[in-house]
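*Asks:* One-letter residues, chain by chain:
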Amino acid sequence: MTRWAMVADLRRCVGCQTCTAACKQANATPPGVQWRRVLDLEVGEYPAVKRAFVPVGCMHCDEPPCMAVCPSTATRKRADGIVTVDPDLCIGCAYCAVACPYEARYKIDGLATKCTFCVERIDAGTAKGLKPGVDPEATPACVNSCIAKALHFGDTDDPASNVSRLLAENQHFRMHEDLGTGPNFHYLWDRAP
Amino acid sequence: MQYAWGANVGMQLIKEVADNIAGHRGVIVNKGRAAELGIGEDDWVEIATPKASVRARAVPRQGIRPDTLLLLGQFGHWATPVAKDFQMPSLNQLATMSLELTDATGSGADLVRVSLRKAA
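These protein sequences, in sequence, are chains A and B. Here the working numbering runs 37 ahead of the position in the first sequence, where the first position is 1. Here the working numbering runs 790 ahead of the position in the second sequence, where the first position is 1.
None of these hints come from the bench; they were simulated from the model. Each hint should be verified, as a subset may be incorrect.
Said to hold, decoys possible - A short list of chain B residues far from chain A (calculated; beta carbon distances all over 12 Å):
1. Asp-832
2. Trp-834
3. Ala-838
4. Gln-864
As the list claims (entries may be wrong) - Here are a few chain B residues that face chain A, going by a calculated C-beta distance under 7 Å:
5. Val-807
6. His-814
7. Asn-820
8. Thr-858
9. Leu-860
Claimed, not checked - Label pairs and their computed distance ranges (CB to CB):
10. A/Ala-205 - B/Lys-908: 32 to 40 Å
11. A/Val-86 - B/Gln-877: 36 to 44 Å
12. B/Gln-877 - A/Leu-78: 45 to 53 Å
13. B/Gly-822 - A/Gly-166: 55 to 63 Å
14. B/Val-799 - A/Val-51: 19 to 27 Å
15. B/Thr-858 - A/Leu-126: 49 to 57 Å
16. B/Gln-877 - A/Leu-76: 21 to 29 Å
17. B/Lys-908 - A/Glu-100: 42 to 50 Å
18. B/Glu-836 - A/Gln-208: 42 to 50 Å
19. A/Leu-78 - B/Ala-842: 46 to 54 Å
20. A/Gly-69 - B/Trp-834: 21 to 29 Å
21. B/Gly-822 - A/Asp-195: 43 to 51 Å
22. A/Val-51 - B/Gly-822: 43 to 51 Å
23. A/Met-212 - B/Gly-822: 25 to 33 Å
Built from N, CA and C at the ideal position, the CB exists for glycine as well.
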């Protein structure tokens, strides 16, 4: 099986917002809509304070809360883990936006939208025999654009994949793990806060 | 964030993503010092020298010295377009333009002594 996942190395992210800009360009999202965002956070109090840049977006959860509340079955989960929204079925009720604990959903022209993991690039790339996360043509735009090599994409079901190696060799966590959503977005971080 | 990137057509996008970084909408001030001065998030403040003053929205953060303010914007010395509607405070309105005071980085480290108070 395949399970597509994103890995963000928080030790490398410099908060340049290039992934956000690349996502907006690749997906032509309107002003104010950011499927890929980078938070600028501080931990601690002056003078013992650290700054962290944290890329966020749709986590393509194993148990997507957005899918469970969707009354029109517009939100679905593919076998490879990607959570999709069918615009022809979406009725714009925004239940999904309220249910998502990651605030990853945006309404555009009355329809729910979110990060797609650039699914069209993945599907077109794999159809040509390319490997998402390795071949840029088959890789999400945000990952391609990352100047710091902080963002990685790949198949966590493949133990030899780039992302599986990163997770095996580094300490990592997932956001809001306690909610049981099973996000497929992992953060590498091995330092005290 | 450099608004020149991508030329004018890219300014709206660059402005939007720049706002994700603290300080692009105002002046960064130490959070503890701001609290002492009764200044909260997004409050209007006045930053002044004996010769000039600018108004800005406060962006209280932990990662800055209590005796220091940070203005990211440096507009106004040249005949370059300035998007005034951004309400981004410009250090150039406070710092004297002087080659003697301009460092080798091209004014990347402009400094000026100022006072700070909550605006009425």
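*Asks:* Next, verify each hint and record whether it holds.
*Replies:* Here's how the hints hold up against the structure:
{"no.": "1", "hint": "Asp-832", "result": "holds (16 Å)"}
{"no.": "2", "hint": "Trp-834", "result": "holds (22 Å)"}
{"no.": "3", "hint": "Ala-838", "result": "holds (24 Å)"}
{"no.": "4", "hint": "Gln-864", "result": "holds (19 Å)"}
{"no.": "5", "hint": "Val-807", "result": "holds (4 Å)"}
{"no.": "6", "hint": "His-814", "result": "violated (10 Å)"}
{"no.": "7", "hint": "Asn-820", "result": "holds (6 Å)"}
{"no.": "8", "hint": "Thr-858", "result": "violated (11 Å)"}
{"no.": "9", "hint": "Leu-860", "result": "violated (13 Å)"}
{"no.": "10", "hint": "A/Ala-205 - B/Lys-908: 32 to 40 Å", "result": "violated (53 Å)"}
{"no.": "11", "hint": "A/Val-86 - B/Gln-877: 36 to 44 Å", "result": "violated (27 Å)"}
{"no.": "12", "hint": "B/Gln-877 - A/Leu-78: 45 to 53 Å", "result": "violated (24 Å)"}
{"no.": "13", "hint": "B/Gly-822 - A/Gly-166: 55 to 63 Å", "result": "holds (58 Å)"}
{"no.": "14", "hint": "B/Val-799 - A/Val-51: 19 to 27 Å", "result": "holds (25 Å)"}
{"no.": "15", "hint": "B/Thr-858 - A/Leu-126: 49 to 57 Å", "result": "holds (54 Å)"}
{"no.": "16", "hint": "B/Gln-877 - A/Leu-76: 21 to 29 Å", "result": "holds (23 Å)"}
{"no.": "17", "hint": "B/Lys-908 - A/Glu-100: 42 to 50 Å", "result": "holds (48 Å)"}
{"no.": "18", "hint": "B/Glu-836 - A/Gln-208: 42 to 50 Å", "result": "holds (46 Å)"}
{"no.": "19", "hint": "A/Leu-78 - B/Ala-842: 46 to 54 Å", "result": "violated (34 Å)"}
{"no.": "20", "hint": "A/Gly-69 - B/Trp-834: 21 to 29 Å", "result": "holds (24 Å)"}
{"no.": "21", "hint": "B/Gly-822 - A/Asp-195: 43 to 51 Å", "result": "holds (49 Å)"}
{"no.": "22", "hint": "A/Val-51 - B/Gly-822: 43 to 51 Å", "result": "violated (26 Å)"}
{"no.": "23", "hint": "A/Met-212 - B/Gly-822: 25 to 33 Å", "result": "holds (29 Å)"}
Checked against the numbered hints given earlier, the structure breaks hints 6, 8, 9, 10, 11, 12, 19, 22 and satisfies all the rest.
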